[in-house]
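K.L.:
So the chains spell out like this:
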Amino acid sequence: GENVEQHPSTLSVQEGDSAVIKCTYSDSASNYFPWYKQELGKGPQLIIDIRSNVGEKKDQRIAVTLNKTAKHFSLHITETQPEDSAVYFCAASYSNYQLIWGAGTKLIIKP
Amino acid sequence: SAVISQKPSRDICQRGTSLTIQCQVDSQVTMMFWYRQQPGQSLTLIATANQGSEATYESGFVIDKFPISRPNLTFSTLTVSNMSPEDSSIYLCSTGLGGGELFFGEGSRLTVL
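Those protein sequences? They're chains A and B, same order as listed. Under the working numbering, the first residue of the first sequence carries the number 1, and numbering increases by one thereafter. Under the working numbering, the first residue of the second sequence carries the number 112, and numbering increases by one thereafter.
Treat the hints with care, since some could be wrong.
[As the list claims (entries may be wrong)] Derived DSSO-like pairs (lysine-lysine); straight-line CA-CA distance at most 30 Å:
1) B:K118 - A:K106
2) A:K42 - A:K22
3) A:K42 - B:K118
4) B:K118 - A:K22
Hints are computed from structural coordinates only; laboratory data are not their basis.
Sequences and hints are given; from them, build the entire structure.
P.N.:
Pasting the structure below:
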């Protein structure tokens with residue numbers, strides 16, 4: 001069946017450095033790729049998303065890139081801050097709200 | 112955006128009992144979703160609840176174990192029946208407003224002893 005692989009499972013970076021999380025999807029029909037951030041004790045919250053007709057999208061310190069040929073997409077966080085510490089989930093979707101979720105990446109920002 | 116309130120936020124339950132989780136959305140929505148998140152794991156969709164029709168369950172989840180109600184366009188409940196320790200999880204209510212983004216409640220953390 002369809003699946004989304006997410007790496008790494010844990011990422012520890014120094015405050016101020018960049019963090020990159022990568023996901024690979026299997027279903028070539030997927031056309032929507034969101035990234036969610038889940039802070040401890042809270043529900044996931046969308047931080048950025050990209051559709052298959054776009055190769056890159058940026059929102060302040062956060063960017064997402066998509067390579068449809070290779071079927072992978074990545075989350076880039078620059079100038080990391082302590083409040084970026086959380087679990088990040090990628091997902092892929094081919095129809096409304098039917099998401100295939102990645103396993104999650106725990107991002108730790110070291111002071 | 113949509114604001115979702117879930118109750119209870121956490122509970123400790125005895126094996127064999129049932130618990131109903133309530134989900135309230137601050138606007139009328141067509142689809143509501145129930146997810147399970149086991150400790151340290153990703154999200155797994157349990158079912159989709161549409162107002163006025165039976166919920167649609169994902170593979171591995173059955174109505175007898177997870178009955179769902181959707182009495183109106185702002186409210187839904189999920190019951191976890193005949194609980195066992197394996198049901199200890201976070202249960203999340205979610206909805207969308209048509210643009211693709213999902214909004215989540217803060218979750219209901221169940222511990223089954």
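K.L.:
Each hint needs a verdict: does it hold in this structure or not?
P.N.:
How the hints compare with the structure:
no.: 1; hint: B:K118 - A:K106; in the structure: holds (27 Å)
no.: 2; hint: A:K42 - A:K22; in the structure: holds (23 Å)
no.: 3; hint: A:K42 - B:K118; in the structure: holds (13 Å)
no.: 4; hint: B:K118 - A:K22; in the structure: violated (34 Å)
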